[in-house]
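Chains as they are written, first to last, in the numbering used here: chain A, 1 to 747; chain B, 1001 to 1344.
There may be inaccurate statements among the hints.
Said to hold, decoys possible - Just some of the chain B residues that point at chain A, by a computed CB distance under 8 Å:
1. Phe-1073
2. Met-1098
3. Ala-1239
4. Asn-1246
5. Ile-1247
6. Phe-1280
7. Lys-1282
8. Leu-1305
As the list claims (entries may be wrong) - Here are the simulated BS3-like cross-link-like pairs (lysine-lysine), alpha carbons at most 27 Å apart as the crow flies:
9. B:Lys-1077 - A:Lys-36
10. A:Lys-151 - B:Lys-1180
11. B:Lys-1292 - A:Lys-108
12. B:Lys-1172 - A:Lys-174
13. A:Lys-67 - B:Lys-1339
14. A:Lys-100 - B:Lys-1282
15. A:Lys-64 - B:Lys-1232
16. B:Lys-1141 - A:Lys-100
17. B:Lys-1282 - A:Lys-286
18. A:Lys-102 - B:Lys-1120
19. B:Lys-1077 - A:Lys-142
20. B:Lys-1141 - A:Lys-85
21. A:Lys-100 - B:Lys-1339
22. B:Lys-1285 - A:Lys-286
23. B:Lys-1282 - A:Lys-108
24. A:Lys-151 - B:Lys-1077
25. A:Lys-67 - B:Lys-1215
26. B:Lys-1120 - A:Lys-150
27. B:Lys-1285 - A:Lys-100
28. B:Lys-1136 - A:Lys-57
29. B:Lys-1299 - A:Lys-100
For the record, the hints were derived by calculation from the structure and aren't laboratory data.
Heads up, the beta-carbon is just placed ideally off N, CA and C, and yes, glycines get one too.
Next come the chains, spelled out residue by residue.
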Amino acid sequence: MTTINPLLFNQPMSSHDRLYENLAKNAHTIKPNENKAVLVDENIFQSAASALKDSGKDVYNFSKAIKTGEITDNNLGRINDLGMKLGSLLIASYLALNSKTKTDAAMKFVGGGAFLASMSLWPKIFINTPAKLIHGVDVDKKYISAQGDKKDLYLDNQYIVWDITGIKEEDREKHRMVALQNRTLNLATVAFGAPLMTSLIGNVAQPFVYNKIVEHNYKKASKLMKNPKTFGEYIQNSQSLPIDSQSLDKLFKSYEKAGKSPDKQMFEQLSKMFNFASLADVVKDKDDINILKEFSTNRVVEQFQDLYQQKAVVRTSSLENILQDFEIANDITDDFEEAAMMGKKARKAKLSQQSSSLSDDKIKQIINDLGENPTISKTKEVLTEHNFTTKQIDEIVSNKQLRLDSNGFYETVKKYNKTVFSKMRGNIKAYLDALNPIAGSKYESITTKTFNDSMTNLIKKLDIKYSSKNSNNTLKGLKDSSVDETIEILSNIFKNAVGKTKTKDEYIDLLKNITGEPISDLTDLIDNFSKESYLNALAPKKGIESLDKAIFGTIEPSAQDPTKKIFSKGGVVSTFVNYINCKKLDLLSVKVKPIICANFERRLKEDPDFKKHGSQLIDMMRKIAYDGTASLRQNSGFTKDVNLYQKAIKILFDKESFKDEEKVMPGIRTIVGELQEFSGTNKENFFRAGSFATLMKQQATKLYNDKSWLRKFGKMAIILSISTLLIQPFFGKVKNPDNQKKDGGAK
Amino acid sequence: MCVRCFGVKMQRITNPVAKPVPKTGYYIDKEKIKEEHAKNESHIPQKQGFLTNAKVYAHKLTNDVVTYFPKGFQGSKNSDFYEYLSMGIVPNLIGSFMLIYTSCGANKFFNAQDSASASKGAKMMGMGVVLFALGKWLHSKISNFGVKKSTDINLEQKYINKNAELPENGEKQGIVREQKPGVYDSVTFFRDDLLAYDGELNHGSRYYYKDKIAKKAGIDKPLNSPDQEINKRIRGVKARTTALQNIGKYIVAATCVALGSQEAFGEINFRSLKSIKNSFKKGFKQFLGEGKDRSFIHKHAGKALLGLSVVSTLLSWLIPVIAFKQKPDTLKTQLDPNKETEVC
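Work out the full structure, taking the sequences as your base and the hints as a guide.
Next up, the structure:
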C-alpha cells in the first residue's frame, strides 16, 4: 500500500506509485499460473499397457542418470522397483535351473510373478475397492506432475495437488484422511496378505501346470508312435553315443606293451564294455537305469573271440617256424635227452627220417595257400584242407611262438564302436527318452499321474473325509495307520460303501464311479513300444552280423510254435518287452484292484455260503485283496499253511462270481481267471505295482497334508481379508466437519 | 618451581599470558550457541560412526509401532512423507518372516518324514531370506564406503530433524518430534544448508565440506563460490550411486539367495556353531558347481552370478567416482548470474 502523507494530498503521483496503485486495485484478478500437472484416467487394459511403457521409461531414466547424473527423486525410487524385478527374475531362473522336475522349474516363475502381482493385487482388491465403494475415494489415483513423472496423488500426506482433482474444498479433508488411513492399512497388512496370496495362487496353479506338462509329454509320444515309420525316423535321427575310445585304447595298449596277444580276459572285458548297461553313466535317470540293468551280454565273449580269429593276422614266418618244428616234437618224447642235444637241422633230418611229417615243400605249399596277411580263421581253413586234425590245429594256433598282428582286430573293434555300437546306444537312449515320460515312474509321467488320479478319484467317490472324532476311516486315519490298520480301515470303508447300495444297479454305478476313466488309450500307446514293427527300428542296420546279433539279441520263431517269437534273454527286445508288459499290468491292476475289493465285500455281505468259510480264511482273503504284494508269499501266512493260501486264492478269484463286474470292466473275468492260477511266476506281476493299501495310504497322506496346509493358511487368509474389510467403515471420520472452509482464498 | 624435563632444569611460567580480547563489541559464548542449536534446530550430529545406521533403523522401527502407525490410522495431518517411508520397514520384515512361515507353518499336521522335508525346505528358504537382506546391505555398504573414500561424500550421513508439528485435537501447541533422515536423501534438495551451517559452527568455514570435496575432485585452486561447481558433482555422485545400487543390490541379493538354496543348508542346525560353519563351507562349494553335472549352464550358473555381483559392486563404486573426477574445460570460480535455474 502506498503511504499517504496527508500533507501531500494534492501531489501528482510518480510513475512508480501509479503502477503500484494499479496493482493494488487489480489484485483480485491476478491468478497463479495454470498447473501443468494432469490427472491420469485409465481403465484396466490401458493401465497394464502403460505399466509396460513405464518400465521402458525406467530403463531410459537409468541410462540418463548414469550418463548425465540428472534424475528426479521419483524416478530414482522407481529404479528400485526395476531392480527388484530383475532380482526376482535372476532368483527364479537360478532356482528353476536347480530343480529336479519341469513342474518345479515352471512353478518358480509362476511363484515369482505371483508375488510381484499380489503386492499390487492385495491393496487393489481388499483396500482400494472397498474404499471406493464405501467412501467414494479413489485411493490409488495417479497424476502426471509438471516435470512429467507419474506419481500417486496421495503419496505425500502434506503435499496433495488438489487443483487438478476437481474435489470440492469441503470434501478435501475427508479424502485426505481416507487416503492416509488406507495407505497405512496397506503397509500394515500387505506383508501378511501378499505371501498368503502368492502361496494360494501357487497352490491352485501347480496342478494346472503339472497337467499341462504331462499332457504335452503324452501328445508328443502319441505323435511319435502314430506309425512305425515316424518312430523309425525318430530313432534314425537320434545322436550316436560312442563309449569312451580312450578306455579301448588303454586296454589295447596295455596288451601291446606286455607283449600279450588278446586272450579270454580281454574278450570278457570287451564284452562288459559293449554291454548296453554302460549307458547308465549317460542317462542318470532312475527309470532308465533300472531297465539298463537287465541287459547282459555274457554270450558276446565268444563273438569277440570269433572276430579275433577273423581279423588278427598271422605272421607267416613264425608259422613257418612252428610248422617246421611241429611233428618232431611228438616223436622226440621217447628220447628226451637225445632230442635236447640235437640242433634244428638234426631234428629235421630225424623227422624226415622217422615219420611222414611235413616236408619243406608241404610247408611252402601251406604258406602259399595262406597268401598274404592270413587271418587265424583262414589259417585254420588252410590247415584243415591240408588234413591237419582239430587238435593239431589248436596246438599250432595256441603255440606261444606264433606271432600275431592284432592291429586289424583292434581297428575293427574301434571302428565298430564308432559306427554300429554307438548308433545302437543312441537308438536305445532315444527309445528310453520316448518311453519313460509315458511309462516310467517319473513324477511327470502319465503313468504316475494315472496312479495318483485313480487313487484320488477312489478317495473322492468312496467319500473318505478329512478327519473325524468318531471313526478312524478318514484321511487322518489312513495317514497314521500301520500296514495292518490300513487294510482294516480300507475294508471298513469299502464295506460301508457297498453296504449303502441296495440294488444291483446301484452297486454297478458305484463300481463305475470308483474305477473312473478308462485307460485303454494309454495302454495301447504303451503297447506300441513293444510291437515288433516298432522295435525293428532299434536293430542295427549294417555291421558285423554275428556280433550285432549277439549284442542286440535275437528274435527267433519258436521251434514248437512258429507263430510265437522267442527273444534272447538279456537282449534288447526281451528286456523292453518284459518292461512294457509289467507296466501295462501295473496300470491295469490299479483299475482292477478296487473292483476285486468291492466284490469281496459284496460277497461277504450278500452271499450266505461265503460267510461260512472260517474267519481265518476270510482274513487271508481280505489281506490278499487289499495288500496282495508279492511279499505276501514270503509272509508267514503263506509259508505256514500253503493249502489255506491256495484255497483263499481260488475262492477270492472265482471267475463265476464276477459276472456283474463284467459290465463295468469287460475282460475282468479273464484277468481274474488268470489270477486264480496264481503259481507265482508272471502272475506275481499283478501284485507288482505295490500293494493297493500302500498306494491308498500314500495318496491319502498327500491329500491330508495338502488339506491341512490349506485349512491353516486359508483360514489365516480369510481372517485377514475380513478384518481388513471390516476396518474400512471406521475410516474417514473427519473431526469438526463444519470447520472446513467453503470459499476460496489463499490458505 | 622447578621441574625436571629430560634431565634439563626447566622453569614453569607462573604468570600466564592474558586472554585475547574478542574483536566484536559483545561476548559470544560459542558453546552455548552450539548447545541451544543442537537442542532446537535441525543439525548434523557430531558423533556418527559404524552403529549410526543401526541406531537410526531401531529408532524408526520403534517409532513405527508407537507413533507413526497410530498417526496414520487416525488420519492425522502431521503424518508426513518421512513417516510413510519409515513405515515401509515393517512390511519388509513381516513379509520375510511370512515367506518362511508358509513353508513350515503346517508341519504339526505332517508325519515325521514329510515334516522333515518341509523343515528342510523352510531352512533353505530361511537362509535365502536372511542372506537376501545381507546381500542388499553388503552391496550398499561396500559401494558407499568406496565412494566416501574417493570423493569424501558420505552418502549415508544422517542428521537430526526437529519436526515442529501442527497442534492437534484442540491443543495449543504442536509437539516437536525428532526425525533422522539422511542429508543426501533427495537428489535435487540435499541438505546443503545444514552442511554449511555445520561447517561454520564446528569447523570454522561454511565451505568446509565443499572444500574437502573439491580437493578430492582434483581442483587445485580454492574456489570463491564452491556451491556452483560442487553441487553439480554431489548431485551427480548421489544420482549415479543410488541408481547403480538400486540395481546392484538386488543382483547381490539374488546371488545370496542362490547360495542359500544349496542342499547343504537343508541340514543346518542353528544351535551349533560347527554345523553352521560346515554348512557354509559345503554350501559354498556346491554353489560353485560341485555335484552339478546336468549341463554347462547348470554347473557354472553360480560362478556367473558371483561374477555379476562383483562386477556390479565395483561398477557402483567406479562409475560415480570417474564421473565425479571429470574436469570441465573452464572451472567457474565466480557465481554465474546468467545461468538459468528451474523453478518447480
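Taking the hints in turn, this is what the structure says about them:
For B:Phe-1073, the shortest C-beta to C-beta distance to chain A is roughly 5 Å, which falls under 8 Å, so the interface hint holds. Nearest Cβ of chain A to the Cβ of B:Met-1098: about 4 Å, under the 8 Å cut. The hint holds. A hinted interface residue such as B:Ala-1239 counts as satisfied when its beta carbon comes closer than 8 Å to some beta carbon of chain A; here the least separation is about 5 Å, so the hint holds. Hint on B:Asn-1246 holds. Least Cβ distance to chain A is approximately 4 Å, under the 8 Å limit.
Contact between B:Ile-1247 and chain A, as hinted, is supported at the beta carbon level, the nearest pair being about 4 Å apart and thus within 8 Å. Among the interface hints, the one on B:Phe-1280 is violated; its C-beta lies about 18 Å from the nearest C-beta in chain A, farther than the 8 Å criterion. Checking B:Lys-1282 against chain A by beta carbon gives a least distance of about 15 Å; that is not within 8 Å, so the hint is violated. A least Cβ separation of about 7 Å between B:Leu-1305 and chain A falls short of the 8 Å threshold, and the interface hint therefore holds.
For the suggested pair B:Lys-1077 and A:Lys-36, the alpha carbons sit about 26 Å apart, so the restraint of at most 27 Å is met. Simply put, A:Lys-151 and B:Lys-1180 have alpha-carbon atoms about 25 Å apart, close enough for the 27 Å limit, and the pair holds. Note on B:Lys-1292 and A:Lys-108: the hinted pairing holds, with a Cα-Cα distance of about 19 Å set against a maximum of 27 Å. Among the hinted pairs, B:Lys-1172 with A:Lys-174 is consistent with the structure: their alpha-carbon atoms are about 23 Å apart, no more than 27 Å.
A hinted pair counts as satisfied when its Cα atoms are at most 27 Å apart, and A:Lys-67 with B:Lys-1339 qualifies at roughly 22 Å. Taking the CA atoms of A:Lys-100 and B:Lys-1282, the gap is about 20 Å. The hint holds against a cut of 27 Å. A distance of roughly 15 Å separates the Cα atoms of A:Lys-64 and B:Lys-1232; the hinted pair therefore holds under the 27 Å criterion. Our distance criterion of 27 Å between C-alpha atoms is broken by B:Lys-1141 and A:Lys-100, whose separation comes to about 36 Å.
Using a Cα cut-off of 27 Å, the hinted pair B:Lys-1282 and A:Lys-286 holds, with the two alpha carbons roughly 26 Å apart. Taken as a hint, the A:Lys-102 and B:Lys-1120 pair is honoured in the structure, with Cα atoms around 21 Å apart against an allowance of 27 Å. Restraint check for B:Lys-1077 and A:Lys-142: the C-alpha separation of about 21 Å stays at or below 27 Å, so the hint holds. Under the criterion of a C-alpha separation no larger than 27 Å, the hint pairing B:Lys-1141 with A:Lys-85 is consistent with the structure, at around 22 Å.
Proposed proximity of A:Lys-100 and B:Lys-1339 is contradicted: the alpha carbons are some 63 Å apart, above 27 Å. With a C-alpha separation of about 26 Å, the suggested pairing of B:Lys-1285 with A:Lys-286 holds against the 27 Å cut-off. For the hint linking B:Lys-1282 to A:Lys-108, the alpha-carbon distance of about 24 Å falls within 27 Å, and the restraint holds. Of the pairs offered as hints, the one joining A:Lys-151 and B:Lys-1077 holds, with about 20 Å between alpha carbons and a cut-off of 27 Å not exceeded.
Distance hint between A:Lys-67 and B:Lys-1215 is fulfilled; the C-alpha atoms sit about 23 Å from each other, no more than 27 Å. Note on B:Lys-1120 and A:Lys-150: the hinted pairing is violated, with a Cα-Cα distance of about 44 Å set against a maximum of 27 Å. Pair hint B:Lys-1285 plus A:Lys-100 holds up; C-alpha atoms about 19 Å apart against a cutoff of 27 Å. Restraint check for B:Lys-1136 and A:Lys-57: satisfied, since their Cα atoms lie roughly 24 Å apart, inside the 27 Å limit.
A hinted pair counts as satisfied when its Cα atoms are at most 27 Å apart, and B:Lys-1299 with A:Lys-100 qualifies at roughly 14 Å.
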